[in-house]
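Peer 1: Keeping the supplied structure of chain A fixed, place chain H upon it in accordance with the hints.
Here is how the chains run, residue by residue.
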Amino acid sequence: MITSLSIENFRCFKKVELNDFGRFNLIVGDSGSGKTALLEAIFLPGNGAGVSINYRTNRGMVAHSFSPEKDAYEAMFSDLFFGFSTDIPIEIKLIGSYQNLRKAKISFQPITERPLLPEGELKGDKIADKLFTVRTTDADNKESVQQVNLKGNFNIGGEHKAASIAFFTSSSSADPRVLAQMLSDIRKNTADEQIEKTMHSLFPQISNLSPELTGGLGEIYCKVAGIRKKVPVTLVSNGMNKVLAILLFIATHQDGVVMVDEIENGIYYKSLPKMWEAIIQFCKDFNVQLFAATHSKECLQALTPFIEKAEKEFRLVKMEENDDGSHAAKIFKGANFSAALETGTEIR
Amino acid sequence: MPNLPIILYEGVEDRAFLEELLKVLGLEKKFDFHEQCGGKDRFEQILKGLVISKHKTIIIVADNDGDPAEAFKNVQRQIAAAGFTVPQNPRETVATAELPPLSVLMIPWDNDSGCLETLCLSAVSADYKKQLECADALIKCAGAEEWDIARKSKLRMRGFLSAACKSDPNTGLRYAWNRAEKPFPLKDVAVYTQIANYLKSFADAEL
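So the protein sequences, as listed, match chains A and H.
Taking numbering that gives the first Met the number 0, the leading residue of the first sequence gets 0, the next gets one more, and so forth.
Taking numbering that gives the first Met the number 0, the leading residue of the second sequence gets 0, the next gets one more, and so forth.
Isolated chain A, as found in the complex (with noise of 0.2 angstroms):
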């Protein structure tokens, strides 16, 4: 678990510092309040290693090509950095339990090995003489470097261990070949017997849920009604397979943590109260802690008789902007959540 987080200048936020997050801890805000970018910075010091691209691709960005032209170079990481600022460095930990005791800094390092350049390329100051640093430190202080040379190269060196974390975007479909392995992996222990029952409990028309094969490329196929072909999940509905892949993120990462963007996102309404029931009842049973970003009103109704019940596992996680433009965060207990929510009032 999670159970505090400090950001120094990283993307929205300047200085922000969140206690006491909950198992279950749902993000809401306005549309560019920073739900996003707080996701982002838990995700970081557990992993770090490919960062900038990542980000930029999972925000549906731009991947520029690589450039060792001062100004190029930085703008593909600036925009990591609070106010663009690129002198001062991103700072990110995460407190919690062993394996999420974790730190990242994010700097742009000097240069100590000056590229060689075609003659008649960039001289001088136009060339890029720091390199895009990530340092990520682990609860045993094991570090790893991650470094991206002029050329987009990535440069990955230290011991730090990849944290527990899994990041569902809002903007990209889990890979099917991922989730097919996630499923193959499952069934060596049986868990894939409990997302069979809770899929098929979810979404009736659908059974018998299997990784498959073609052309040695994974995909989850499954057994509709009506149909006597077995075909993929994600040609049934894009709604289905999302609320597998999250069930399967949780069960292949027991102990550790699950973010999903835009939860309701794909999600037909009436399936929302269900939906929360699984996901509920698989992170407890894989002890998962989950931070889910919504905009939705009937998907954090949905929520409510869960959170009635085990208020003291919930938290409203509620994104704010400063006078100075910068943003923040509040959290807020389960009983408060849950209060909102039953007498209506706005949260979002």
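Don't read these hints as lab results, they were simulated from the structure.
Please read all numbers here as calculations on a predicted model, not as lab measurements.
All C-beta atoms in this analysis are idealised placements derived from N, C-alpha and C, irrespective of residue type, glycine included.
There may be inaccurate statements among the hints.
Unchecked claim - Derived DSBU-like pairs (lysine-lysine); straight-line CA-CA distance at most 30 angstroms:
(1) H:Lys128 x A:Lys308
(2) H:Lys53 x A:Lys92
(3) A:Lys308 x H:Lys39
(4) H:Lys55 x A:Lys13
(5) A:Lys311 x A:Lys296
(6) A:Lys296 x H:Lys29
(7) H:Lys129 x H:Lys139
(8) A:Lys14 x H:Lys139
(9) H:Lys53 x A:Lys311
(10) A:Lys228 x A:Lys196
(11) H:Lys72 x A:Lys296
(12) A:Lys311 x H:Lys39
(13) H:Lys128 x A:Lys329
(14) H:Lys181 x H:Lys128
(15) H:Lys72 x A:Lys332
(16) H:Lys53 x A:Lys332
(17) A:Lys13 x H:Lys181
(18) H:Lys199 x H:Lys186
(19) A:Lys129 x A:Lys102
(20) A:Lys329 x H:Lys129
(21) A:Lys311 x H:Lys55
(22) A:Lys296 x H:Lys181
(23) H:Lys55 x A:Lys329
(24) A:Lys311 x A:Lys196
(25) H:Lys186 x A:Lys332
(26) H:Lys186 x A:Lys311
(27) H:Lys28 x A:Lys296
(28) A:Lys332 x H:Lys39
(29) H:Lys55 x A:Lys14
(30) H:Lys28 x A:Lys329
(31) H:Lys151 x H:Lys72
(32) A:Lys296 x H:Lys39
Unchecked claim - To list a few chain H residues with every Cβ distance to chain A over 10 angstroms, as calculated:
(33) Lys22
(34) Lys28
(35) Gly48
Stated by the list, open to error - Listed next, with one range per pair, are the computed distances between beta-carbon atoms:
(36) H:Asn177 x A:Asn237: 45 to 53 angstroms
(37) A:Gln204 x H:Ala79: 49 to 57 angstroms
(38) A:Glu142 x H:Lys28: 51 to 59 angstroms
(39) H:Arg173 x A:Gly31: 18 to 26 angstroms
Peer 2: Just chain H now, with coordinates in the frame of chain A:
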């Protein structure tokens, strides 16, 4: 809507009265009303939820009924249970760190016994004095003279509205201000001045 003072109230009649009074004062856009109030014991739950919202001020409007001290204590208990600083007197505005300031208006007024019906019936339009006398007679013939002031006021209001609102004798206080008969004018009526000034002080604070 955040950033406006939000009013919590006991019943829809209280809301209708306050909305009408704010309209008369030209302040209807300066206040927000909570949508799910209901009863004198619901303030705690609503306040717990409002901890999350960003209202500028929270104003609780409650009835004194037959025992003003006990009625105010009941509101104080709920405020404390929700984690807010507790005002020691009606109309006192108190601050709590990281929460909106809060104030309590007791109806008819600070330590006066009664409820909204008591207040409104004390300022009936001169055109309806006769109907008011009929309502008083109803109290007597119904044997309700010994009822507590709040219940008696409600019975009196029931009888009065049926007699005064010919357009719909079944109308309730909630709709009284929409009826053609207009039995409770609010503009420049001395009885409402204190409440109007109290509300205005919050609206002025927003300017």
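Peer 1: If a hint holds in the structure, say so; if it doesn't, say that too.
Peer 2: Going through the hints against the structure:
no.: 1; hint: H:Lys128 x A:Lys308; verdict: violated, 55 angstroms
no.: 2; hint: H:Lys53 x A:Lys92; verdict: holds, 28 angstroms
no.: 3; hint: A:Lys308 x H:Lys39; verdict: holds, 25 angstroms
no.: 4; hint: H:Lys55 x A:Lys13; verdict: holds, 25 angstroms
no.: 5; hint: A:Lys311 x A:Lys296; verdict: holds, 21 angstroms
no.: 6; hint: A:Lys296 x H:Lys29; verdict: holds, 26 angstroms
no.: 7; hint: H:Lys129 x H:Lys139; verdict: holds, 16 angstroms
no.: 8; hint: A:Lys14 x H:Lys139; verdict: violated, 69 angstroms
no.: 9; hint: H:Lys53 x A:Lys311; verdict: holds, 23 angstroms
no.: 10; hint: A:Lys228 x A:Lys196; verdict: holds, 20 angstroms
no.: 11; hint: H:Lys72 x A:Lys296; verdict: violated, 35 angstroms
no.: 12; hint: A:Lys311 x H:Lys39; verdict: holds, 27 angstroms
no.: 13; hint: H:Lys128 x A:Lys329; verdict: violated, 56 angstroms
no.: 14; hint: H:Lys181 x H:Lys128; verdict: holds, 13 angstroms
no.: 15; hint: H:Lys72 x A:Lys332; verdict: holds, 26 angstroms
no.: 16; hint: H:Lys53 x A:Lys332; verdict: holds, 16 angstroms
no.: 17; hint: A:Lys13 x H:Lys181; verdict: violated, 57 angstroms
no.: 18; hint: H:Lys199 x H:Lys186; verdict: holds, 14 angstroms
no.: 19; hint: A:Lys129 x A:Lys102; verdict: holds, 22 angstroms
no.: 20; hint: A:Lys329 x H:Lys129; verdict: violated, 58 angstroms
no.: 21; hint: A:Lys311 x H:Lys55; verdict: holds, 28 angstroms
no.: 22; hint: A:Lys296 x H:Lys181; verdict: violated, 39 angstroms
no.: 23; hint: H:Lys55 x A:Lys329; verdict: holds, 17 angstroms
no.: 24; hint: A:Lys311 x A:Lys196; verdict: holds, 28 angstroms
no.: 25; hint: H:Lys186 x A:Lys332; verdict: violated, 44 angstroms
no.: 26; hint: H:Lys186 x A:Lys311; verdict: violated, 50 angstroms
no.: 27; hint: H:Lys28 x A:Lys296; verdict: holds, 25 angstroms
no.: 28; hint: A:Lys332 x H:Lys39; verdict: holds, 24 angstroms
no.: 29; hint: H:Lys55 x A:Lys14; verdict: holds, 25 angstroms
no.: 30; hint: H:Lys28 x A:Lys329; verdict: holds, 28 angstroms
no.: 31; hint: H:Lys151 x H:Lys72; verdict: holds, 23 angstroms
no.: 32; hint: A:Lys296 x H:Lys39; verdict: holds, 27 angstroms
no.: 33; hint: Lys22; verdict: holds, 23 angstroms
no.: 34; hint: Lys28; verdict: holds, 18 angstroms
no.: 35; hint: Gly48; verdict: violated, 3 angstroms
no.: 36; hint: H:Asn177 x A:Asn237: 45 to 53 angstroms; verdict: holds, 49 angstroms
no.: 37; hint: A:Gln204 x H:Ala79: 49 to 57 angstroms; verdict: holds, 52 angstroms
no.: 38; hint: A:Glu142 x H:Lys28: 51 to 59 angstroms; verdict: holds, 57 angstroms
no.: 39; hint: H:Arg173 x A:Gly31: 18 to 26 angstroms; verdict: violated, 41 angstroms
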